[in-house]
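Produce the entire structure from the sequences given, and follow the hints as far as they go.
Note that the protein sequences, when read in sequence, are chains A and B. Following numbering that gives the first Met the number 0, the numbering of the first sequence begins with 0 at its first residue and continues without gaps. Following numbering that gives the first Met the number 0, the numbering of the second sequence begins with 0 at its first residue and continues without gaps.
Hints in this document: simulated from the structure, not taken from any laboratory. Warning: the hint list may mix true and false statements.
Listed next, the in silico PhoX-like pairs over lysine-lysine satisfying Cα-Cα at most 20 Å (straight line) [to be verified]:
hint, chain 1, residue 1, chain 2, residue 2
1, B, K268, A, K268
2, B, K67, A, K140
3, A, K140, B, K140
Derived contacts from chain B toward chain A, CB cut-off under 8 Å, selection only [as the list claims (entries may be wrong)]:
hint, residue
4, P29
5, P33
6, D114
7, L118
8, K145
9, G147
10, G245
11, P257
12, S260
13, L262
14, L270
15, I276
All figures in this text were calculated on a predicted structure; none of them were measured in a lab. For each residue, glycine too, the CB sits at the ideal point set by N, CA and C.
Number of protein chains: 2
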Amino acid sequence: MTASREIRLKSRPHGMPAPENFELATVELPPPAPGEVQVKNLFMSVDPYMRGRMTDRPSYVPPFELGKAMQGGAIGEIVASNAPGFAPGDVVSSMLGWREGFTAAPEAAMLQKIDSHGLPPQAFLGVAGMPGLTAYVGLLKIGLMKEGETVFVSAASGAVGQVVCQIAKIKGGVVIGSAGGAEKCAYLKTIGVDHAIDYRATEDLTAALAEVAPKGIDVYFNNVGGDHLAAALNAARPFARFALCGAISMYNDAAPPPGPSNLTLAVGKQLRLEGFIVSSHFDMMADFVRDAAGWIEAGKLTWRETVDEGIENAPRAFIKLFTGENFGKMLVKLG
Amino acid sequence: MTASREIRLKSRPHGMPAPENFELATVELPPPAPGEVQVKNLFMSVDPYMRGRMTDRPSYVPPFELGKAMQGGAIGEIVASNAPGFAPGDVVSSMLGWREGFTAAPEAAMLQKIDSHGLPPQAFLGVAGMPGLTAYVGLLKIGLMKEGETVFVSAASGAVGQVVCQIAKIKGGVVIGSAGGAEKCAYLKTIGVDHAIDYRATEDLTAALAEVAPKGIDVYFNNVGGDHLAAALNAARPFARFALCGAISMYNDAAPPPGPSNLTLAVGKQLRLEGFIVSSHFDMMADFVRDAAGWIEAGKLTWRETVDEGIENAPRAFIKLFTGENFGKMLVKLG
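Next comes the structure, spelled out in structure tokens:
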């Protein structure tokens, strides 16, 4: 492998990203120098947070540079190694997605050898990877969910949400999941969600929540924001915990929408709203992968994914995240 | 003492409360039955949260009833006792303010004997009472303030805010206080506040905060809401804690204002916003009063109060909370 195609950021999107914001280029991969490896990517991930890196503003991760290949989670296979601890055939995760392959030092690529636990490689970009860990950390460490509690999950059929719902059931909770469309809501029922709310068919989310959870909710897992957050504030029981992990409804708004007008309810109800980023909790990864592999083996944790093929289709796969065309974890198969 | 004048809620205010929402009435006090005491009130408190109880809506405390005496913190003296553990001359706190006296069972009045620690009785409605405990709980238990951290306090010259500022200094913090007007800001400097911001003379609170705290803030003590919360979100350092304890700017708004449009910053900065009500933390009262009495004796904790006289002036004293005419804890002297 000496040539690799990659996707570069051509221009910064305003609002919704479009295909013309990206360009395809081909680079030659040098053989690995001492201390380096060469990796052929098998799958890459597209994630909503990448939209933030396409904008030039201060954030917890630096913006993507114009004219350069973007970055993101990927699973690949070592094809040549000049670095101790890595051998051809090893399956690895890295942060050098958006390209078919790369030659790099392991630490520069954030390379990690994968112990597959019998799972297919792309699971480590989804249910057993960052989205899964996000669900695990947000529900259990930030949301402090306890047995018997009622959990409300927005974007419940998404890569993170579907894992939140299933872990909440495994932990003995009552789960309300919100998703857009009948097909996604039907899927939620198949993974054990007690009450599925189709937000596209619902005018008043607060009323919909009150109907299925008349006593209110104890935990809200927010990966949407907007109306869902306002409804969750209305539905919250005293001392409820809100795990805030990105607000997909806001990524494409050039001007941010006003926050929920009922935020003041957090005082009287003594709510805790806490934002988190999964990379601050990588210390829980080993525990999580062990738990997740066990739950998958026991049939308690399943997943849905949408797979597009070919690096040239990665921009369109990314855009699908915002049009709702994907179902579960959105992946691009590269090799 | 057999007659007591009291203030009743005559009509529910819309927006800013007005004198005509209240009426003065006189009742006869019966002698204490077995298990009861008769109390002559010395001071009563007026507090912003009482505005919430004037509106008929579900909240963490039930609304005041029309045509009946309102309730609130008061300090009084036992004048007759038919209850064990209480003797004439004892100084007590109760929740039966808004009246000159009462006959009641101790538990119905939430009667507590005061160990004065040498402080004047009204201190137990302010610096050594609920406002002081609110400051202590919010800064140390909810805000988890640590030595060397930067603390931003809104309504910093108020009954709660002035105690927050001083405890933050005692605990080794850098303190930024916001208050309305030059006089209040000058007062903040006298109690050790490092940077006083006159929000009435400031167009851009975010810029004002960035100037005095270029590295950002670690703790925000919110007793205002609105613009201050938005500016605090902008100024927050990663993992900052926001103690949310009432939003005085919202009490009189018939329609709630939109929440901060930058709430989504809580995700990337991994902020914790937590609402609290002081009555959930009464278990900390003994620790707090012991600490506060020691700090007062050492000259490290002082306070300002505004005292109006006579039960007939209590409604106007209450209204002053919202027009900013008070300075520090607002009290009404009754006896």
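Hint-by-hint comparison with the structure:
no.	hint	in the structure
1	B/K268 with A/K268	24 Å, violated
2	B/K67 with A/K140	47 Å, violated
3	A/K140 with B/K140	19 Å, holds
4	P29	35 Å, violated
5	P33	37 Å, violated
6	D114	29 Å, violated
7	L118	29 Å, violated
8	K145	18 Å, violated
9	G147	21 Å, violated
10	G245	6 Å, holds
11	P257	3 Å, holds
12	S260	4 Å, holds
13	L262	4 Å, holds
14	L270	5 Å, holds
15	I276	6 Å, holds
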